[in-house]
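S.K.: These protein sequence lines map, in sequence, to chains A and B.
Convert by adding 100 to the 1-based position in the first sequence; the result is the number in the working numbering.
Convert by adding 100 to the 1-based position in the second sequence; the result is the number in the working numbering.
A portion of the hints provided could be inaccurate.
[What the hints assert, rightly or not] Under the rule of at most 25 Å between Cα atoms (straight-line distance), these lysine to any residue pairs were calculated in the SDA-like manner:
#1 A:LYS289 to A:ARG365
#2 A:LYS289 to B:ASN364
#3 A:LYS289 to B:GLN292
#4 B:LYS289 to B:SER133
#5 B:LYS289 to A:ALA369
#6 A:LYS289 to B:SER288
#7 A:LYS289 to A:ALA112
#8 B:LYS289 to A:ALA232
#9 B:LYS289 to A:THR276
#10 B:LYS289 to B:ARG241
#11 B:LYS289 to B:ARG157
#12 B:LYS289 to B:ILE238
Rather than coming from a laboratory, the hints here were simulated on the basis of the structure.
Protein chains: 2
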Amino acid sequence: MSHPTDPLDPDASSSALDVRLAARRGGFTGHTSGLASEFVQANLAILPAALAADFRRYCALNPQACPLLGVTEPGDATLAALGADLDLRTDVPRYRVWRDGELVDEPTDVTRWWRDDLVAFVIGCSFSFEHALLAEGIPLRHVEQGRNVAMYRTSIATTPAGVFRGPTVVSMRPLTAADAIRAVQITSKLPQVHGAPLHLGDPSRIGIGDIARPDYGDAVDIRDDELPVFWACGVTPQSAIATARPPFCITHAPGHMLVTDLLNRDLIAA
Amino acid sequence: MSHPTDPLDPDASSSALDVRLAARRGGFTGHTSGLASEFVQANLAILPAALAADFRRYCALNPQACPLLGVTEPGDATLAALGADLDLRTDVPRYRVWRDGELVDEPTDVTRWWRDDLVAFVIGCSFSFEHALLAEGIPLRHVEQGRNVAMYRTSIATTPAGVFRGPTVVSMRPLTAADAIRAVQITSKLPQVHGAPLHLGDPSRIGIGDIARPDYGDAVDIRDDELPVFWACGVTPQSAIATARPPFCITHAPGHMLVTDLLNRDLIAA
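Put together the whole structure using the sequences plus the hints.
M.R.: Below, the structure is given as structure tokens:
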């Protein structure tokens, strides 16, 4: 693994460490989409220990939406299994800090916000399975069109745990039937990054009223020979946290993910 | 394995050997659907050696429609890998004998038709994957309704080999989206019995004009919350043989399958 002496412009061929070091040193504050493309990127949610047991249970009860890659001990900002040097206070390019559900800061470093009772949850993200789909030659419309993926709140309730509850949020990718079948096969092997689709075909069956108006992200065109295919999405736990309005919370800023040393190819289930 | 001294009425709990012995002794001439349900049932096609190389290549080129479980040496009616005692001249409950594409006999024993140049092809059948789907709690409409599965000629051409060519024939099962996704997962692990679906959703995409009018088998209802899901079907090689009109050929009679000693659970791909 290369070890830059100065902050780099990370690119797809950079290592996870390159991106983390660039973020840690403050030279890189941008989106991580497409960077260090072999490596697993992840959602981050940091909560006070008083809420951590409930949130951990919420993730365990809803593993497709909230696939846990790692959890820290209270106050510990390291997670060696995801990167020997990893520091969760500095290594994400941009964070969001929340008090009682209100956004209070968007820093590039949360060292000054850190507390001894904070527990960090690292949750798998669809970038990994998109990488696997693209590697198998399955085109992704939102990537082709340079848009964010389309996401929708559904009528599929998550299983609640303590204060955490709410709808399953899904991301949608339009695919031909043959590619949808292959996408089921590929993503079924990746349970740590949302796994198989939850639904395909008629959006109204999962409570989506207008496919052209996503609740998050950007609408994309669905061609006549395509079906919309829906996967559980990492916005689900973010939405549950927003609804719970915890007294204090830190998350990554949208698109500014934690880049771990896990390799996408290592996520494939045996 | 039990070993009856008299022809039995085979049932779901009987062994493959029970069914073969009952067929061999002439006491059983019926359909094999639902019998010896743990065991792999198969399609049978017996061709003169002069055509066997082409047909073998046809199967290899179209493995989803024609998954080969075994092939005999010319003139040999045994296939020990599928049953130590197995005799392909006697163990199928009813055969069809063809000359120049015309049906000339429907005997329960083909000993008198046997020739030293005949090569037998044993081809996987959807009974095995239906067994796996039912075991996972996925309901199958045609089973519930006591009908034959609906089958359709499609616009998906098989890859030709010698005189063998023609459309892929598919079987269709209506499933909810969630069950369709699970069915893709389950049948992807069963490549020796047609594997994953070829298509799901809009039938016209694969050249099916009227889903209510199957080319073979019986129509079944498709509910509002279901998608038609299409698998390659063992009628594909039968159709290719019918089109080729070989000078001589023996097949099983529809629904009267060869019951082998392979276990359905042993077909699951590693």
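S.K.: Given the hinted pair LYS289 of chain A and ARG365 of chain A, is their Cα-Cα distance within 25 Å?
M.R.: Holds, at about 10 Å.
S.K.: For the pair supplied as a hint, LYS289 of chain B and SER133 of chain B, is the alpha-carbon distance within the 25 Å limit?
M.R.: Given pair LYS289 of chain B, SER133 of chain B holds - Cα atoms ~22 Å apart, limit 25 Å.
S.K.: What's the verdict on LYS289 of chain A and GLN292 of chain B, does the C-alpha distance respect the 25 Å limit or exceed it?
M.R.: 20 Å, holds
S.K.: When you check the alpha-carbon spacing of LYS289 of chain B and ALA369 of chain A, does it fall within 25 Å?
M.R.: 14 Å, holds
S.K.: Take a quick look at whether LYS289 of chain B and THR276 of chain A sit within 25 Å of each other, Cα to Cα.
M.R.: Measuring from Cα to Cα gives roughly 22 Å; hence the hint holds.
S.K.: Decide if the proposed pair is consistent with the structure: LYS289 of chain B and ARG241 of chain B, CA atoms, cutoff 25 Å inclusive.
M.R.: Holds - the C-alpha atoms of ARG241 of chain B and LYS289 of chain B are around 22 Å apart, at most 25 Å.
S.K.: Between LYS289 of chain B and ILE238 of chain B, does the CA-CA distance stay at or below 25 Å?
M.R.: With Cα atoms ~16 Å apart, LYS289 of chain B and ILE238 of chain B stay inside 25 Å; holds.
S.K.: With a cut-off of 25 Å on the C-alpha distance, tell me whether LYS289 of chain A and SER288 of chain B pass.
M.R.: Since the Cα atoms of LYS289 of chain A and SER288 of chain B sit roughly 12 Å apart, the hinted pair holds (cutoff 25 Å).
S.K.: Taking only the CA atoms, is the gap from LYS289 of chain A to ALA112 of chain A under or equal to 25 Å?
M.R.: 23 Å, holds
S.K.: Need the status of pair LYS289 of chain B, ARG157 of chain B: alpha-carbon distance at most 25 Å?
M.R.: Within the cut-off at roughly 23 Å; holds.
S.K.: So if I understand the rule, the pair passes when the alpha-carbon distance is 25 Å or less; does LYS289 of chain A with ASN364 of chain B pass?
M.R.: 22 Å, holds
S.K.: Given the proposed pairing of LYS289 of chain B with ALA232 of chain A, does the C-alpha separation stay at or below 25 Å?
M.R.: 19 Å, holds
Consistency note: the structure conflicts with none of the earlier hints.
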